[in-house]
Structures are given as C-alpha cells and as structure tokens.
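Visitor: Spelled out, the chains give:
There are 4 protein chains.
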Amino acid sequence: MNKQLNIGIIGYKFMGRAHSNAWLKAPLFFDIPAHPVLKVACGRQQESVSDFAQKWGWEETETDWRRLIERPDIDVIDIALPQNLHYEIALAAAKAGKHIFCEKPLSMSSRQAEEMLKVCEDNKVVHYLNHNYRRVPAVAHAKKMLEDGKIGRIFHWRCCYQQDWIVDPEFPLTWQLKKEVAQAGPQWDLNSHAVDLAHFLVGDISTVSCLTSNFITERPIANENSSGNLSAEALGSEKGEVTVEDAALMMVRFKNGAVGSFEATRFATGRKNRLSFEIYGSKGSLVFDMEKMNELQYFSLADPEGDQGFRTILVTESAHPYVGNWWPAGHIIGYEHAFVHAVVDFVKAVEEKTPISPDFSDGLKIMQVLEAGLQSAESGRQILL
Amino acid sequence: MNKQLNIGIIGYKFMGRAHSNAWLKAPLFFDIPAHPVLKVACGRQQESVSDFAQKWGWEETETDWRRLIERPDIDVIDIALPQNLHYEIALAAAKAGKHIFCEKPLSMSSRQAEEMLKVCEDNKVVHYLNHNYRRVPAVAHAKKMLEDGKIGRIFHWRCCYQQDWIVDPEFPLTWQLKKEVAQAGPQWDLNSHAVDLAHFLVGDISTVSCLTSNFITERPIANENSSGNLSAEALGSEKGEVTVEDAALMMVRFKNGAVGSFEATRFATGRKNRLSFEIYGSKGSLVFDMEKMNELQYFSLADPEGDQGFRTILVTESAHPYVGNWWPAGHIIGYEHAFVHAVVDFVKAVEEKTPISPDFSDGLKIMQVLEAGLQSAESGRQILL
Amino acid sequence: MNKQLNIGIIGYKFMGRAHSNAWLKAPLFFDIPAHPVLKVACGRQQESVSDFAQKWGWEETETDWRRLIERPDIDVIDIALPQNLHYEIALAAAKAGKHIFCEKPLSMSSRQAEEMLKVCEDNKVVHYLNHNYRRVPAVAHAKKMLEDGKIGRIFHWRCCYQQDWIVDPEFPLTWQLKKEVAQAGPQWDLNSHAVDLAHFLVGDISTVSCLTSNFITERPIANENSSGNLSAEALGSEKGEVTVEDAALMMVRFKNGAVGSFEATRFATGRKNRLSFEIYGSKGSLVFDMEKMNELQYFSLADPEGDQGFRTILVTESAHPYVGNWWPAGHIIGYEHAFVHAVVDFVKAVEEKTPISPDFSDGLKIMQVLEAGLQSAESGRQILL
Amino acid sequence: MNKQLNIGIIGYKFMGRAHSNAWLKAPLFFDIPAHPVLKVACGRQQESVSDFAQKWGWEETETDWRRLIERPDIDVIDIALPQNLHYEIALAAAKAGKHIFCEKPLSMSSRQAEEMLKVCEDNKVVHYLNHNYRRVPAVAHAKKMLEDGKIGRIFHWRCCYQQDWIVDPEFPLTWQLKKEVAQAGPQWDLNSHAVDLAHFLVGDISTVSCLTSNFITERPIANENSSGNLSAEALGSEKGEVTVEDAALMMVRFKNGAVGSFEATRFATGRKNRLSFEIYGSKGSLVFDMEKMNELQYFSLADPEGDQGFRTILVTESAHPYVGNWWPAGHIIGYEHAFVHAVVDFVKAVEEKTPISPDFSDGLKIMQVLEAGLQSAESGRQILL
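Chains as they are written, first to last, in full-length UniProt numbering: chain A, 1 to 385; chain B, 1 to 385; chain C, 1 to 385; chain D, 1 to 385.
Next comes chain A alone, as it looks inside the complex (with noise of 0.2 angstroms):
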C-alpha cells in the first residue's frame, strides 16, 4: 500500500476525535488500498487545534477552512462539524473537487440537502454522510440477513432512541439546543440516525406523522468556550430559551407495506446512548440495542416448534461483517470503531470507485422525513412524502 489519501479535518471537539481516531485505525486493522495521511486540521481557535492536531498527529493546522480547501495537496475534507456548517463548506469542497466524508446530520434543510447533492455529483467527487451505525457489525449482519430473506416481508419496524442528558432542568443552554445551530433537538441529532437505518433496513417511507415535544423550557446559558464534549457547564444564573424540541416521536408507512415507529428523547432516565430496534417479519424478527452493540437478537420461524425463541448472537466472529479483521470472537469491540469501519470503506470508495452509501442522497431522503416529522408536529396531521 503505497498510495496515500491526505485528509483535512474542520472540527476537533467529540467527532474531530472519533474521527481521527478511524483514519489511524484503519489501516492498522484492515487492507485498504490507500493510507490515510492526517494532513491538516483546521479550527478557529489557534490554540486548541494545535493542541488537538499534535496529540492526534495531524501534519498542520489552518484556521480558516477555505484556506484548507484551497490547498491542493487535500484529497478528502473530512467535516466534523455541527450541522449549520455542513452546507457552506461542502459546497466549497465539492467544487474543489475534494471527496468529503461529512459527520451528520447531513444539513438544516432539504433544500440545503438537494443542492449539496447536486453540487458533489456535478464535481464527481465521493460524498459520504457519517451515519456510522450502519457500520456496527450487528447492523451489518441484520442487513445481510434481511437481503438474504430471513425475516421474510417486513410488517413492523419500532426504534427508539433514548438519552438523558438534559433531565437535569440546570443542564445548560448549550448549541444542540438552539435552533439557529441545530435546527432541531431529538428530531435532527438521534432521528437522522434513525431513518437512516429504517432506510437502510426497511425502505423509503411513504407517510409521517409526527409529535414533538417541550419539557424544560427555559435553561442556564452555557459556557462552551472550552468544552470539548457534550458537557458544558453553566455561565451563571441567566437563563435562555430553548428553542428546539425535547423529545419526537413518529409513526411511519413505509412504501412496501410495513408500518414503523420511532421514539427519539434527550429524557429517558438511565438511557445513555439507546438507539434500539426490533424488525417484525413473515419469517423471523430482528431486534438490536447499540448498548449492547455486539449482539444482535435474532427470531426464526424456521427453527424447530418448540425450540424456538430469541436467540443473541454475539456478533463477534470472523463470519460476520468487518469484525474479523479484529479480534478473536468473543472478543467485543466499542463505539469507535463503526468510524474505523466507515473510513475502510470510504476509501475503497475514493479508490477503487465503489459505491458508498449514505451519501447526501440518502442524506436528503433523511432530511424528507425529518422536515415532513416537524411539519406533522406542528399541524397535527399526517404528511404523505
């Protein structure tokens, strides 16, 4: 492996970090055709990049990213950004003719989605969009199972996912809950990821009917200068409206029949990071909790009566997607390495010219339902896509 793919990162907080963390990773883990080179990483602040780029290993720093975008020693322009700043630099990106691998959600908007789709597309540039859990093994291995017919015809798709950040009515005001930088709470940060596998697993939705709510209306303002992770502390006893939703929930007919559920809160007592499934069918059922990512509860109606049931398979031998390239099974692996998954493929991708999804395409389906989602909630009436 000698050629060489040198990726400019803008962001270096939570997902600057995860995804650094892959484009070491990778390579050490998998046979990909090219080697990830940490070129440079780009932020506002001087000094935090700095700090972040040699802890990491990144070659460089840029504090303005059209800087970065202009260099043409860069490949690929990895996005690791909150989501009102996706549109803007992907656009400049794409017209540069970089590939960009693009942290979620995709936008605020499916207009800004459709555009930076066709801007990618008309520059021929590979436009993947982080929705890493499609790359958990157990996911993968469900999708397999689903396309090798296991389950049969689809009837019911009902997830949820479940946080508890925020219960706390002192949590401070931080971005994700102002709509001018996240256009939405629940609806945007946890239901992108859930359509996108209810798209990924089941197929396109065909209606939306959606309910949103507000628990805690007003909070402290924040503080997040420093703050390098979800949790930011409060600035002092001023408080902020929060103007996103605190909690949304939608209930779907999808085009081949199946009728489906989704549950997105930021308050879930005691639910740290629950993004969970369950997939009904004809033949057999599929159910998966990212708390448990390794497992995957897996129902067949092909089994013997009377010896059948739920049976976990712990999604960890060399017989399942990517997760043989790691360990010996029984061995489980973590969060992160759904990213390392991701960057494998991604550069077989720019590489080799395989097809990668999601991308913005699937992107702006997402963001579809997503917005369809808000305006049901605001109309008490069922959307049809």
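Source of the hints: derived by calculation from the structure; they are not laboratory data. If you're wondering where the values come from, they're calculated on a predicted model, not measured in any experiment. For every residue, glycine included, the Cβ atom is placed at its ideal position computed from N, Cα and C. Treat each hint with caution, since some may be false.
[What the hints assert, rightly or not] To give an idea of the interface, some chain D residues facing chain C are shown, with a C-beta separation under 7 angstroms as derived from the structure: (1) Glu263; (2) Ala268; (3) Phe310.
Using the hints, position chains B, C and D against chain A.
Guide: Just chains B, C and D now, kept in the frame of chain A:
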C-alpha cells in the same frame, strides 16, 4: 368466613376457565370477607356448558342468560364473553341488581359504555372491568412507586402489546377478526389493556394520533364450533374478508404533559404475549414486560453516582402487593394469578363497599381513546379528547 | 372420570399448601384417570390442622399419622413433612399398602433410603419422590432435547442453587439449621434437587469432591410454634449453635465422562430461589434458571454459521411438555404448577401402572451422592461412588 | 509531554497486535508522563516481523531478542509471547535494567516465577504482568465498590472462564494444547486470569481442590507457521496427543473465610470468551461477564425493601475508572481498551514510581494456586497453600 357470594358465570371458553379458577383459588390463598360459590354456569350449548360445570364445580347450568339473571339466588354476574355481548347482558344484570364482573374490552363503543355505566350507577351495583394486568404484582408495585414519588414527573410512556398468532396467512378467520363481533382488532383487544395501564400509571390522555394497518386481508373461513381457545381450525378453502385491523399504533399527549406511544399487533413474529411498557420520569424510570411478569425494572437517580443502573426487582416478596400470599420469595407466579387478585378485590368491594377499579367509568374512558384512535387512523389527523 | 383416589396428607405448612393446591388443580386442567379426593389431613395440632382442612377442603382430620395409615379408605399417603419424619411414616405406609407421594429430600441417610425403597418394592406400592423441578416445562423440554440428541455428548454440567434467606445473622435458628431435623443444610435441602436434575439430565455420578462452610455459627433460638413458613421469629436474646453447613460446593465426574459442579448456599445475597444449570455438549448447550422458570436457553451448532447464539425459548407453547394444558402461548405459569404436573403423573402411575420418577430408587442415589459429599468435605478427599 | 519511553516488543501475533495498539492509543486518550515510542519489534522471522513493524509503525526490527535487550536505547521490554519463553527473556531483560511489560500467564512454574520476581526486585525494574481484565472499567469499579464496603463481608466467589474453540475434534493440535509450550490448558491460560481476579477482588486463597478432564485426547497435527492467531490449520491426517487438560475446575477457601469456585474450559459450546464472576457479600453482590464487559450487575441490601434487585450499571460514565477518557456515557468500549489502560498505568509506574499491579509477585501467587490445582487434580486431595 361464613358469608357466601353466589356467582353466575356466562361463557365457558378461555375466560370462563380463567375466571372459574380465580373464584376457586381466591379463598385458598387470601382472607376474603365472603366465600364465592360457583353457583351457575351459563352457555348456549347444554352439553358444553354441562361438561364445563362438572369439571370446575359449578353447581348448576343454564342455557339462557336471561333466566340466569332472573334468579334471585345469584349475587354476581360474571360476563366471560366476547365484547359484542357485554352491553345487553350488563344492562339486564344491573337492572336486576346483580354485581358485575365483566371481561374486557368493555363494549363495542363509548356510547354503549356510557349507558352501561349509567345503569350500573343508577342501580348501585358494583361494576368491575377485568383489565387483569393492573393486579400483576409488578404492575401494582410500579403504581405504588409512582404514587410514592420515586419516578417524579413523567416524561414518557412507551408501550407495546405484541402477539404473533395470525402471522400465518392460513390462520382462519376467527371471531376476533370480524368487526361485527370484535369491533376492531388489536386496537380493541390489546390496546384496551395498554390504555388502561396508561390511565392507571400515567394519567388521562388529551390527544390521540393513530395509524392502523392490514397485512393479510383475506383468510380461510373458520370452524369455531368446538373451539375452546384461540386456535381455531380452518373450515376449507373458502376465504372471507378480515374486517378489523392487524396492527394499531398510537401517539398521545397526556394531560399532565407526558407523551406516549402504543403499538399493538398480532404480527410481531416471536412475541407471544409481550405487553411491555417503559415509563421515564424526572427521578427514575420503570420497565415491565408481561412475558417476564414477575420482574420490574427500575432506574433511580437517587442511587449514588456511578452505581446507577436499571435494576430488576423480582416482585415475589412479602413487601410487594398480593404476592406474599402465595409462596416464599423467589417462587414466581403465573398469568392466572392476577385474576385471583381481581376476585379478591372484587369480593371486598361487594362486601365492604370498598371502591374497585377499573370499573365501567374507566372502561368508558378507554373506549373514548380507542374510538378517537380509529377516527384518527381514518382521517390522518390528531384527535383532541 | 368416575374413579376416585383418596388422599391422606400429613403436614400442613408450606408443602401442605403446595400439595393440596396440586391435588385440587390437577383434574381442572388435565385429563387424569382418577379424581383425587382430599380425604384426610393429618397434623399434630388439632386446631391448626382443622383450619387447614377447612380452608383447602380436606374432608376429615387426624392428629396421629398411625391412625391415618390404618384407615382402609385411604389410597395415597402424601408426606409433606421435614425429612426426619419420612422414614418411619413411609415404612408404615408402604407396609399398609398405601401409595406414597413423598416430599424431598427423601431421608436422613442412604441407609434409611435403602430400607424405604425395599419396603415399597416388597409391598408393590407406587413411591414418588417430589423433586418437582423435573416437571417444570422448561426442564422437561430440556430432557426431551437431550434425548433427541440435540446437545450431543455432554461435556459440562454447571449448577448452582442460591438463596439468601439467612444472610442476616439475626435470622433465628429454625429447624432447617439443626442437624437432628434437617441432617444437613443446603447440601440436603438444595443440592438434593440439583443432584436429582443432574441424574435426570446428565447421568450417574462416579466421583465427588465437596467443600462446605459455615459463615454464621450461632443464631437466636427460634419460635416456630405458630410459623407456617420459612420466616420464623426469634424468641429472644438466647442463642443456639447452627449445626448444619451454610454452603456446600461439589465437583463431580459423571460415568459418561462429563464433569460437573454444584454450588448450594443460603448466603447468595439477592438470589431468592435461583436454581440454575448450564449444560454444554458437542452439538449444543442449555441454560436454565428457576427464577425465570418459563424460559430455556438453547445454543445449537446446527444453526447457520454467523447466526448462532443462545436463544431464549419461552416454554409456554402446546409443543412443550405439560404447559399446553394451561393458557395460550406466552402466558406464563408459576412455581406451583410443577406440583400439579407431578400429581397428574402420579395419578397415572397409580391407576395405569405407568412408571414414575423420581422414585425412592432415585432418592437413594441422591442420598449416596450427598453423603459422599459430606464425607469428602470432612476428609478433603475425592470420594468414589 | 516531551519525555519519551522507548519500547521493544518481542512477539507479533495476537498479543503483539493488542500491545502495539495499546502503546499507540494510550497518549491519544490519556495524559501520561511519557510518550511511548514504538522503537523495535522483535521476532524470529524477518519477513513477518518487518511486515508487522511497518503496519504498526515500529521503527526498527530485530530477529534475536538478546540483541534487543542489549540495546541501550530501549527502556521497556514488552514480552508478547507464549509462556514457555517468558522466563529466560524476563531474567535477561531485568538484568539489563529494562522495565518489563509481560503477557500472562507469567511462567511455566512457581519456581520460575520466584526467580523472575527476585531478579526484577534485585535490579529495581518495574515488572508488570498483563492480566488485563483488572483494567476493564467494570472490574475496576467493582474493586472500588468492594473497597468502599458496599459488598461487606464476602461469602462467595463463583467464577467461570468458558470458551469453545476446540469443541470440534478436528481442530488441530496447536501450541496451546502441548504441555512443553503451554504447561497446562485452561488451568494456565484461563484460570490464571480468574485467579488473578479472585486475588484482586476477594483476597488470598488458603486451600485448593481441583478436577481436570480431557474430552478429546488426539488431534490433527497443526500447521502454525503462518498463523497469526488462534485458528490454525490442520496439516493433514496425522494425529498427535493432546498433553494438556481440556477443562479445569477448582473449589477454594480464601483466608478471609469466603469460599470460591472456578471453572475453566474450552468446551463450553456457545461461549466465546465468557469470563464471568459472581461475588456475594453481607451487604450486596456483584456479577460480571466479559462478553458484556461494559456492564456490572450490583445488588444492594441498602436499597429500600421491595425495591431491591440486581441493577445493571452501564460502566461508561465519567464517574467510572478509565472510561471517561473515551466517549460520552453510553458509548461502549471494547476488548482492547483494557490494554490501553494497562499501558497508561505502566507508563506512570515507570515515570512516577507509582506501584503497579499485578506484578510478578502477584504472578507468583497465581502460579502457586494453579500448581496446587494440578497437584490436587492428580491426587484427589485438597491442597493447603
């Protein structure tokens, strides 16, 4: 306990057996203020009802429920029949001054329910509606924890009631699949239970959105003549139309600000009788699954930091409701025991004038929610209650 | 079913209730060749035994078990007493030609057991030993799977029987803690069940190593006069010596080459009645836990590669042993139901001369293993059986 | 962090990869007082070691470990080899003043271990023995809970370490199955981990009884030349003798009065890497399973009556040891992360002279227990330590 309470039961199939067992066992394990006497069993077919009466020890039989109700020696009418027969019988029983132990769902409509309630109140009879799950010890304990403030303000109710007994398209068109007998499918049969639990544990519902679906629209005509339970045999190759829904999903707002979801289906392959709910509140959370009915999961923010987690309470101790009357701790009970608990409380209600719930007023509220659901599914609009 | 079988029961506490319930319920849910008549209840205290008889419907009472055995109208003697009383009663009952339904553990010693067996055989009476767990549907289904070859050659038996009811040092010195009544602690009470299951599911044992321990050596004297169950009250500040072990561990070899372990204790804080076993074989594995007694876990190497895992069979279907006679699939049963199944098989054994196990020959083998265990614990040496 | 620590690693297979990954990742996620430099990788086959070095970024290679140890620029010798090679290398490294990071099990015998410990102490080098499971966050948290008195006096330790990779009789005779390389089977490989955890969490052991077994006595000769992991290929039809045990069970007494059991096997069909322990104490209990390594089950008698139960702590919060340095709460980590934690503590031990355990003194104690086990299995007698 010298006092006796004479019971007349109408119906001798699945619920006839479950109720008979409960009348028999209640005085063996609980101190109750009157002894239930299994006086008369009533059913249209003399031979079947005689067999049933002999097996279970009912002293006499009747084939006309009107004659049963006219008998002055009967104190209680136990209605163990499908819902299309509840209305007429309950009215007659109440007018005759009989106390009523009525199987669920209450009726075919809220209009019927309203009249049933009024006539019972006018005639001052005890009217109990057998949503038996309230008296599963784990559910009763959950109620107590909520009342004791251990969960705090409720944010989320997430509930499903999943079965899979009609996944096979060759399963015949039994009465449960015909609108004229059943009024609706899982919306009536299963969601009536789920809504009752939501009312019991969370509170009243203010808005309903609903989505229903049919997966199999025609089925072989059933031969139910001799069938004593759910699994009827198909009569031949002739098919008839399924006139109720196969699945019913709802999203609701509660008057107290919580949001909730319901998902009732007979197409959840692998789920036999999974009535599961999750309650998330500001101080803690609760999770229950009827297939593991002796367990209650509880998360408490009052636990020390670092030591928090969902704990599985094995609800079999003398500190728990009802269950201490059975066996030592750790010795679990089964499905039928909740019926015994219902009889215990019903006898007390009759003899000691203690209130009992759910009663027909609860049943009326359930009917209103379920009807609003069907109306929403039809119109695609959220319904305000 | 016109035939009747007259039962005389001796003992009216925990097991008296469990057995009475079983005699009553068996004909309600199963077709059996004779109807058990609850004829005579026998106990030393007239008032207590009368209360018991009235509650459960025993027609008459006796206070001297010898008089009971002399009665010509009694067909079956049900011994629901502590183990120190089994020997003398069983001998007398067998000599009087009565069939015997005997609570476990069989006796105080293998010498007693040997004699009990011989006298029963000489007098050609049915002798059933109530290791009720064999008739939990999940256990009976496990047996069938083993017989069908689904597990293959057995390598491992791993079993524990854990309770925690004497962790509190102030728990009083009840009869279970006195050698003169109980012979031993969990080695007798709990490991008798565990060894019976091992014999049933794996086979005969050839060597035993054992280790016992006492954690609390003195306890308050108990006041057991009025106690009907395990939780006796302490009498005062006076203390007495605990003369049985608190925990007993065993390692064994089976004649078929498998190895096994047992761990019985009353000091497993948080475990109320956890009898759990794991069986690992060349084709598959089984796991059971009595606290989840409706479930059986099964791993099969015959499942497709990549889709293997421990599946949880909810043993509530008509394809499973016994349980189809109760309720529809997914409706679980409880602790007492296994006693009903025992009565069903016992009545068949008496009426139709079908063999029934475990019987006193099984009990004798259990005694030999348990005695070898105590001998090993004393000597620190492996004992060959 | 300008300080550097030069590492020389010997071995490049399963453990070579796991250690390399740990040296690389430690400084990315943790603040450590020196930066580990991947200086030299050593292995007998030049081509293989070169490939390995290039992939993982080891600057140089050696094919003779003696030359590596002679190099003055090396600070740390990382022994990532089978146990038959530890003794000679560790002695040489210690005499050369190198700090040692040694894979487990420590040695072939307690005699070797004793000498290794003495030479390390004489030469004042840091000697770390990589029983990595101590640094799984859930295990480290369990240790803290025990130290904080949350479990109270310990009554029971119940542990198993189950794998199933040699159930197939055609699995070849790899080095792990030969006494001259491995010294023993699961008694060495698996029980060394289990005994280390018992020492760590419960305390020292005073008596040992052990039982071992061989299920498959002959296997195809293995072709291990090119094998980088456990699954070697069979060479042909020729067979060789398995000279280590297939399963090893132990019962022990601890010096503090607790009793314990161990069960190590490679024949537990369906268990891939299940290292599970249960600890029962006077105030609470703990349960852990390596296949669910992010979870710790905890039962507390301090919980309110009626609300007690085993709670599942998802050990991914900043309040937990190590894990806060990775990702937000609820984002789980994997098998390899414990190696990173070991490196973090090892670097601190080297740079800041903080104590680190387990070290060779712990390894010596483990060897003594394991040897006593083999001796007991041979003699059928309990061994006093």
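Visitor: None of the hints should be skipped; say for each whether it holds.
Guide: Going through the hints against the structure:
Nearest Cβ of chain C to the Cβ of glutamate 263 of chain D: about 6 angstroms, under the 7 angstroms cut. The hint holds. A distance limit of 7 angstroms between C-beta atoms decides the matter here; for alanine 268 of chain D the minimum to chain C is near 5 angstroms, and the interface restraint holds. Hint status for phenylalanine 310 of chain D relative to chain C: holds, with the closest Cβ pair at about 6 angstroms, below 7 angstroms.
Violated hints for the displayed structure: none, as all numbered hints are satisfied.
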